[in-house]
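Undergrad: Okay, here's what each chain looks like letter by letter:
Protein chains: 2
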Amino acid sequence: MEQKNIPDVVIRRLPVYLRVLENLPEDFHENVISSFELGERSGVTPAQVRKDLSMAGAFGKQGLGYDIHVLQDKLKKILNLDKEIRVAIIGVGSLGHAIARYITQRYSAERDYHLRLVALFDTDPGVLGEVIGGIEVHHIDSFREKARELKFRMVVIAVPAEAAQAVMNECAVAGIEAVLNFAPVHLKAPEGIRIHNTDLSIDLMHLAYYL
Amino acid sequence: MEQKNIPDVVIRRLPVYLRVLENLPEDFHENVISSFELGERSGVTPAQVRKDLSMAGAFGKQGLGYDIHVLQDKLKKILNLDKEIRVAIIGVGSLGHAIARYITQRYSAERDYHLRLVALFDTDPGVLGEVIGGIEVHHIDSFREKARELKFRMVVIAVPAEAAQAVMNECAVAGIEAVLNFAPVHLKAPEGIRIHNTDLSIDLMHLAYYL
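Chains as they are written, first to last, in our numbering: chain A, 1 to 211; chain B, 1 to 211.
Chain A with its partners taken away, still in its complex shape (with noise of 0.2 Å):
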């Protein structure tokens, strides 16, 4: 692939534009979009919109536009979403159980693309044996012969922040590539994990700026 060192910036707003075409209301009968209309409802510039898909490989018929179903496929190709993505959740509070129905309710068959929850893990009794969406909560100790086993190599953290750094070292341990973190805390990624730390109160606090 020639789109190999495009900025996180960028990468970030690819599936912001993917999500804008897989959406369409179905008034929209065109087969191509402008970097205009595009970036209006992505929330960028048109000048943004070429400059982000041109580093992704995609461009544009001049005073024309983008063709959708050709731009969704070379985005969901560079976003990796043109395979299966096997996802496990660690923490079953109610943020979890929150993602969990998030992601199963939303990921079906019928998208092109999947997002699949496999495998869900915590320590509390209370929640073990579980099942949420169609899958059973497990026992964090097992966490690394179910990632052999079932294959997924991306993890969302849901847990406390003081577990979150221990959970994060497991991750490591059993191969996982990609960590979205959830507890309150700032991870550190061990080498080989790219991580993104995520937090509704730093949202929040953000925000109340702006009071």
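By construction, these hints were calculated from the structure, which means they are not laboratory data.
One thing to keep in mind: the hints can contain errors.
Repeated chains share a single entry, so a pair holds when one copy, or any two copies, can fit it.
[What the hints assert, rightly or not] Derived pair list, reagent style EDC-like, types lysine to aspartate or glutamate, alpha-carbon separation capped at 16 Å:
(1) 74 with 22
(2) 188 with 40
(3) 188 with 37
(4) 74 with 37
(5) 77 with 30
(6) 61 with 8
(7) 51 with 199
Please read all numbers here as calculations on a predicted model, not as lab measurements.
Please build the complex by placing chain B on the supplied structure of chain A, with the hints as guidance.
TA: The following block gives chain B in isolation, referenced to the frame of chain A:
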């Protein structure tokens, strides 16, 4: 205040610093923290820490660092976290539920600052009247009236995509100032409202690139 024009990317990091200061381990006995240490725990370079904090009007002592309590107070003040912030949630599906529990459990009265959940809204008869963390779910029809009565200015939107823009417009009419949107659609902010769009699925698709 002289710190009026702090760029949003800097504002975004201030809650991260504040969280680090509030969660220093028990064996951290110092009254000061160096930009190196603060950066290390926040995932930011020491130079960036110094730049961000000086923009926020906080200055450390050469060779010593920042007085922890002074810095906490300064950050809280800038982020408006020295006063109570009242929050409402619209949409009490599984994600809205999780967010409601998160806010009520996390921001207890023991903390120096309070993001306080004061109202919940939905349209689904199945959840109307339900009480989560002491807060009852009201019909969205009473939103304006409740906004006036309970004086909340920040709202979390956790409704399905197709309902989100209508809910956003309702917020505008009610004089809401800041919105955190979890609906999987880019919302246009009416004038005077600060909006952050956040989306689990975008995070997951973004991470997929790195697999």
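Undergrad: Work down the list of hints and note, for each, if the structure agrees.
TA: Here's how the hints hold up against the structure:
Proximity of residue 74 to residue 22 under the C-alpha cut-off of 16 Å is restricted to the intra-copy arrangement: shortest distance 13 Å within a copy versus 44 Å between copies. Taking identical chains as interchangeable, the C-alpha atoms of residue 188 and residue 40 lie at most 16 Å apart only when they sit on different chains, with a minimum of 9 Å there against 36 Å within one chain. Taking the shortest Cα distances, residue 188 and residue 37 sit within 16 Å of each other only across copies (14 Å), while inside one copy they are farther apart (39 Å). In this assembly of identical chains, the alpha carbons of residue 74 and residue 37 never lie at most 16 Å apart, being 18 Å within a copy and 42 Å across copies at closest.
Taking identical chains as interchangeable, the C-alpha atoms of residue 77 and residue 30 are never at most 16 Å apart, the minima being 23 Å within one chain and 50 Å between chains. In the homo-oligomer, the alpha carbons of residue 61 and residue 8 never lie at most 16 Å apart, since the shortest distance is 26 Å inside one protomer and 35 Å across protomers. For the identical chains of this complex, residue 51 and residue 199 are neighbours neither inside a copy (29 Å) nor across copies (23 Å), given an alpha-carbon limit of 16 Å.
Violated hints, in rising order: 4, 5, 6, 7; the structure is consistent with all others.
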